[in-house]
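Participant: Each chain, letter by letter, is given below.
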Amino acid sequence: MAYLELKNIYKNYGSGDATTEVLSDINLTIEEGEFVAIVGFTGSGKTTLVNLINGLITPTSGQVICKGKEVKETSHERGVIFQNYSLLPWLTVGQNIFMAVKEAFPKKTKEALNTIVEEYVEMVRLTPAINKRPKELSGGMRQRVAVARALAMKPEMIIMDEPLGALDALTRGDLQDEILNIWGKDKRTALLITNDVDEGIYMADRIIPLRPGPKATLGPEFKIDIPRPRDKTALNDDKNFKDTRNAIIEYLMDIGDARKSEIQEQIILPELEPKSFVGYFKS
Amino acid sequence: MAQDIVLKENKKSMVFLKPITTIFKGKLSKEKWLLSAKKTGITLASVLLFLILWHFGSQALYNKEANYKINKTLKEQGAAAAEAERACIYSGENNCQPNTLPSPLQVWQSLQLLIADHYVIKADKKAFEEKMFATNEALAAKGKKKITYTGRPSFIDIVLTSIKTVFAGFLLALLIAVPIGIVIGLSPFLKSAFNWFIQIFKPVSPVVWYLLVFMIVKTLYIGNSSDNSFVISFISVGLCAMWATLVNTAMGVASVDKDYINVAKVLKLGTFQKIFKIILPSSLPLIFTGLRITLSVAWMVLIAIELLAQSPGLGLFVWEEFQNGANDSNSKIIVAMFVIGIIGFLLDRIMLSVQQMVSFNKNEAI
Ligand SMILES: Nc1ncnc2c1ncn2[C@@H]1O[C@H](COP(=O)(O)OP(=O)(O)OP(=O)(O)O)[C@@H](O)[C@H]1O
Ligand SMILES: [Mg+2]
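In the order they appear, the protein sequences are chains A and B. If you're matching positions, the first sequence starts at 22 in the working numbering and goes up one per residue. If you're matching positions, the second sequence starts at 27 in the working numbering and goes up one per residue.
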């Protein structure tokens, strides 16, 4: 049985004249233990999709089904790394993570919880900053706290909304490996939203493009048949990698071009001549 | 890194002491020294200018009134009487002094007198208590009330009474306004239910609050001979000043960042945890902004309310001195004015540093 299923999802915001139709006819099945990546243009509705899956919002029509049951609210089974980090500014790094861990494992002792917090802070290399507050951290550091907070709850499924966007290449690579490591350890399920095709290919089993909105829908899926563990440096010379990468980028560029020409068609420039203001104020 | 540390230190120490503390830390570079010396110089110069203007202003007023008095005597009683009046005024004799704005020097002398008076009264009180010690022991043994000192309070006692009243009022405001504000902020239904109430009572003047509280407390105290002026004044002050806190708390609670609410949902916090771990901490800065306004309003209305309630604080002191019309009454009133101003300023600064301690930069810290 599939771990997660999206069936004919439509999602509108607002009502009446102010309705924005964001997602349209979304169908997706994710098997248990699978790693799926979704790439898409900005504003196409990726965050909306993430919120539908984690249960923060409900679809206008269609169903989100997790382990055979319809998703109606959030659950600790589905951990989420928010795109905007959503750290609580009045808590320190350690406290932010502790709060999450305490909710996920209510029966553990304080010491046990603290051990988990320290372990995950170490993993994202923030041990020196454990007692700092979010506003004292850089954007990348905040993002790592958000990653640690979600992973420390050890969810069955990890939902990541552009989790590594603000990081430099080196830290980004490290965290990709960490996430893969955690995902592989207990065969968790993962959904990664990203704007980096290479990242998707390196990490995922399947890549699915989300076409531009409004009424965004999923494009054809691209299977990544590269055996794990994948080697980043070797990957660049791998023919399979290159082909998949080119295919995806071509697809994205095609829909990007189509969108551009659509926009150009819509904008009809009025025929105006620049007006001369010489002598305008004299008359 | 170094900057981080300095920032933190500044945050913890009282903000208004910052210039002083930095001087003592000896961290000032030469330019900074010059800058702060310049600032202090400007402040001192403006104080001096103020004193000079005040001095000459009061002198002009003094002369105007003195001349008027002499001319009046001249018209009504003739030259000899006028000459006597003039001599009396310029000899500094108490009972023929013009009654006008006192000079800075007179005010300074009044302050010293008031402080000296405090020690006299204190000694008096001590002597009285020693004298009555045996009697009081005997009364206490019989289970009767002790005899306490009932002489007039000193100026310092008066100031302390005012501070006590304002803190009691502030505490009352906090205990009423914060919980109600939270409840209103949480529920749009209750908000519309309470809104008319807030809108109508918020602009009511301190005098009316006093009268309202007086009506109620007077009845509650029927048959009880003890002095209820303190109770009446602190309740009126609290009710008068609590609105800013109420409104700010409700606003802070109602406008918690959606991201934080999402965190609460994803972590599946229960209702109480959501309130105490997400909603309250995120609205603390606004609550404290409200409390700061409440404290300054409380101090401002206190004077009027003490006057009405006959509570032995600064308000009553000012009013009694005005009624009294003694030679140094005017300068005592000015002393009270400065004391009121300075205490108000200090209270506000204390609240400001508390407010800065609990605030986090919302925009930066997402
Ligand atoms: N709460 C909301 N109410 C109304 N419209 C919304 C709301 N949230 C999102 N939208 C609209 O839905 C569309 C998709 O938004 P969404 O945040 O899902 O995009 P995204 O793909 O995550 O973009 P990005 O790559 O910039 O994160 C946007 O046009 C946005 O204006
Ligand atoms: Mg998004």
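Read the hints as simulated data drawn from the structure, not as lab findings. Don't take each hint at face value.
Said to hold, decoys possible - A few chain A residues that face chain B, going by a derived Cβ cut-off under 10 Å, partial list only:
| hint | residue |
| --- | --- |
| 1 | LEU112 |
| 2 | MET174 |
| 3 | GLU177 |
Yeah, the Cβ is synthetic: ideal placement off N, Cα and C, and Gly gets one too.
Participant: Double-check A/GLU177 for me: the hint is only fine if its C-beta lies closer than 10 Å to a C-beta in chain B.
Facilitator: Nearest chain B Cβ about 14 Å off; hint violated.
Participant: Taking 10 Å as the limit, does the beta-carbon of A/LEU112 come near enough to a beta-carbon in chain B?
Facilitator: holds (8 Å)
Participant: Given A/MET174 as an interface hint, is its Cβ closer than 10 Å to any Cβ of chain B?
Facilitator: At about 8 Å, which falls below the 10 Å cut-off, the nearest Cβ of chain B leaves the hint on A/MET174 intact, so it holds.
Against the hints set out earlier in the document, a violation occurs for number 3 only.
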